[in-house]
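**Student:** Chain by chain, the residues:
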Amino acid sequence: MKTKHLNREQLPSFFNAITQAGKIVIAPSRIGDKIYFTKVDSWEQVDLDFISSTLSAKAALFPRWEPLLQFSGDGKMMTVKDTEIPDTETVIFGLHPCDTGAFNYMSEFFEGGITDTYIQKRRSKTTLITLSCKKADDACFCTSVGISPGASQGSDLMLTEMEDGNYYIEVLTDKGENLTASARDIFQDYAVTDKTPYLAEVPLKFDLTPIQEKLGNSYDSPLWINQSLPCLGCGACAFVCPTCTCFDIQDEGDAYAGTRLRCWDSCGFSLFTLHASGHNPRPVQSHRWRQRIMHKFIYSKSDDGTGSCVGCGRCLRICPAQMSITDQLQSFAEVK
Amino acid sequence: MLELHNRARQLLETQAVNLILGYGEGHGDEPRPVFIDKPDTVTRLIFNERCIQNLAVYLLKPEVRTQGKIGIVTTIPVSRSILQLAAENQIRDEEVVLLLVQADGKVSEVTRFSELEGLVAQHETKIPAPDQEKISILQKKSREERWQYWVNEFNRCIKCYACRASCPMCYCTNCTVECNQPQWIPVPAHALGNLEWHIMRVMHLAGRCIKCGECARACPVDIPLHLLTFMLNDNIADIFGQRAGMKAKPDYVLSTFKPDDKENFIR
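Keeping their order, the protein sequence lines are chains A and B.
Position 130, counted from 1, in the first sequence is what my numbering calls 814; the numbers after and before it change by one each time, with no gaps.
Position 135, counted from 1, in the second sequence is what my numbering calls 1284; the numbers after and before it change by one each time, with no gaps.
Chain A with its partners taken away, still in its complex shape (with noise of 0.2 Å):
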């Protein structure tokens, strides 16, 4: 791995080196009292002083919506086409260690297995730039799961700021490589360096081992209903999360010609499990809620033991009943 310094001044330039390599970027920037992953075109645009967007970058891989084919036809005859994703590089820039994690399961969901051609197009040509995170609130738990404010796992270039206000960067793949040797002259090499004095303190929320063995043995646990009830049924908590990756296949047009689209979709949702039949295996809240539960920590689980959540902590910042997924899960470490 190769490392090198970054001065504070320079990153307008590198922005621009970027872009004049015909690169679309995709970085945080600020609408209201609110951070978006967002297109920027200049500089000005960026807002690097944030904790946590309030949407995660995943659109950027996997879009709230999508045409997947257009189909047409004279009722004899139908002819498809699919959608061709652009060959535009992108970099998104300035994610957080635990929105790159995401990325890593959301490579794992849709590429591993049945490879989802969309999606694999558009992260082979994404390259992804992460950020330390030098600031955490109370909502961050990142470190419960497997993850750290300094982590670089997935990354291709990392940047970590410094106390002077400059950054300690980290080569991490060939993606990262090309981008540094397009603006060759404002990177310096730098030695290798403990970047722990410059990150963020999260402390740890919970044991994630114990609670899953708990969880694997709760199914039919009475805490489901009690801890359902002040869940609303919105889908806000699974379109802010960076690994809920469901969706729904709709088509928009007539018999002869139209699109068909890929859209969000939601476990909390009633209808996201009501069979075409009336009937509903996940009839009540609760039962929605276990399985967004059981989802992120049993069903997903890897290798490494971690499962799909990345510990951002957008559901605990967004919830309109303020549910709480740590609190949750701390209640199901003290069952007996």
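Worth flagging that the hints you see were computed from the coordinates, not collected in a lab.
The reader is advised that the hints may include incorrect statements.
[What the hints assert, rightly or not] Computed cross-link-like contacts, BS3-like style, restricted to lysine-lysine with a CA-CA straight-line distance of at most 30 Å:
hint	chain 1	residue 1	chain 2	residue 2
1	B	Lys1407	A	Lys723
2	A	Lys718	B	Lys1396
3	A	Lys723	B	Lys1283
4	B	Lys1396	B	Lys1411
5	A	Lys760	A	Lys723
6	B	Lys1187	A	Lys898
7	A	Lys898	B	Lys1210
8	B	Lys1360	B	Lys1411
9	A	Lys707	A	Lys765
10	B	Lys1255	A	Lys1020
11	B	Lys1218	B	Lys1290
12	B	Lys1283	A	Lys718
13	B	Lys1275	B	Lys1360
14	B	Lys1187	A	Lys718
15	A	Lys898	A	Lys1020
16	A	Lys718	B	Lys1290
17	B	Lys1360	B	Lys1210
18	B	Lys1396	B	Lys1210
19	B	Lys1275	A	Lys718
For chain A, the structure is supplied; the task is to place chain B on it using the hints.
**Tutor:** Same frame as chain A, now just chain B:
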């Protein structure tokens, strides 16, 4: 606080209610709804100026209804919601006991919704000043500018339906957006889908919005969608002289027919 705890404990002990719905400590500074079914846990109940979520939304949720008779910690917006729900025949006196918390901490028990009418009449239903200011700015814009303003705002909508889920008046078990034969409202969160959803939501709340602002508070992307229902509520009051959430009797504007209506088309 002590009085609230005592009243709640008494209601549970005497089995006058099966469940107390109120506010408890939540994450950080924000209280969260708590559902208390045991007398010895009533001390979890809190009440302060941060307790603003409109708890009336839970009264019609099937999961809550199946718990039996509910005691609910009641604020002014909750009172207005309950009156409107009663006016729409969604809830009856005998299903709920209201624990009305006054500004001085006193708690009074209300078992007949009509007793709330006097209370809500004393409290202004005027649009709060900061919201009125935003509305005034919008009203000064041209029709095209206003349109563009809402198109921009709705552009952020992710169709999580938190606005719908948090609204006590959005209680349909099968919402229009869930009808798919035919699909009235496009499912995707694209420009048309978002616009149609928000127009539909607002129109269905015409004359029914009790102005709690819960929809905007719930919106994760800060769309000020309460301004639309607030404005519509004022329009209805100007035209028909009626406001939602003021009376428990079912004679609110959308369910009222008068033979001497000034409009010809309705006769």
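**Student:** Evaluate each hint against the coordinates.
**Tutor:** Okay, the hints, checked on the actual structure:
For the given pair, B:Lys1407 sits about 55 Å from A:Lys723 by alpha-carbon distance, which is inconsistent with the 30 Å threshold. Our distance criterion of 30 Å between C-alpha atoms is broken by A:Lys718 and B:Lys1396, whose separation comes to about 39 Å. For the hint pairing A:Lys723 with B:Lys1283, the CA-to-CA distance comes to about 28 Å; that is within 30 Å, so the pair holds. Taking the CA atoms of B:Lys1396 and B:Lys1411, the gap is about 24 Å. The hint holds against a cut of 30 Å.
The hinted pair formed by A:Lys760 and A:Lys723 fails the criterion: a straight-line CA distance of about 42 Å is larger than 30 Å. Distance restraint check for B:Lys1187 and A:Lys898: the Cα-Cα separation of roughly 25 Å lies within the 30 Å cut-off, and the hinted pair is therefore satisfied. For a cut-off of 30 Å, the pair hint linking A:Lys898 to B:Lys1210 stands: about 29 Å separates their Cα positions. Taking the CA atoms of B:Lys1360 and B:Lys1411, the gap is about 28 Å. The hint holds against a cut of 30 Å.
Taking the CA atoms of A:Lys707 and A:Lys765, the gap is near 27 Å; set against the 30 Å cutoff, the hint holds. At roughly 39 Å between alpha-carbon atoms, B:Lys1255 and A:Lys1020 are farther apart than 30 Å, so this suggested pair is violated. Taken as a hint, the B:Lys1218 and B:Lys1290 pair is broken in the structure, with Cα atoms around 49 Å apart against an allowance of 30 Å. Simply put, B:Lys1283 and A:Lys718 have alpha-carbon atoms about 19 Å apart, close enough for the 30 Å limit, and the pair holds.
Note on B:Lys1275 and B:Lys1360: the hinted pairing holds, with a Cα-Cα distance of about 9 Å set against a maximum of 30 Å. Distance check on the hinted pair: B:Lys1187 and A:Lys718 sit about 40 Å apart at the alpha-carbon level, beyond 30 Å; violated. Under the criterion of a C-alpha separation no larger than 30 Å, the hint pairing A:Lys898 with A:Lys1020 is consistent with the structure, at around 9 Å. At roughly 25 Å between alpha-carbon atoms, A:Lys718 and B:Lys1290 fall within 30 Å of each other, so this suggested pair holds.
Annotation: proposed proximity of B:Lys1360 to B:Lys1210 holds, straight-line Cα distance about 20 Å (limit 30 Å). Between B:Lys1396 and B:Lys1210, the direct Cα distance comes to roughly 22 Å. Compliance with the 30 Å bound is thereby established for this hinted pair. About 29 Å separates the Cα atoms of B:Lys1275 and A:Lys718, which keeps this hinted pair within 30 Å; it holds.
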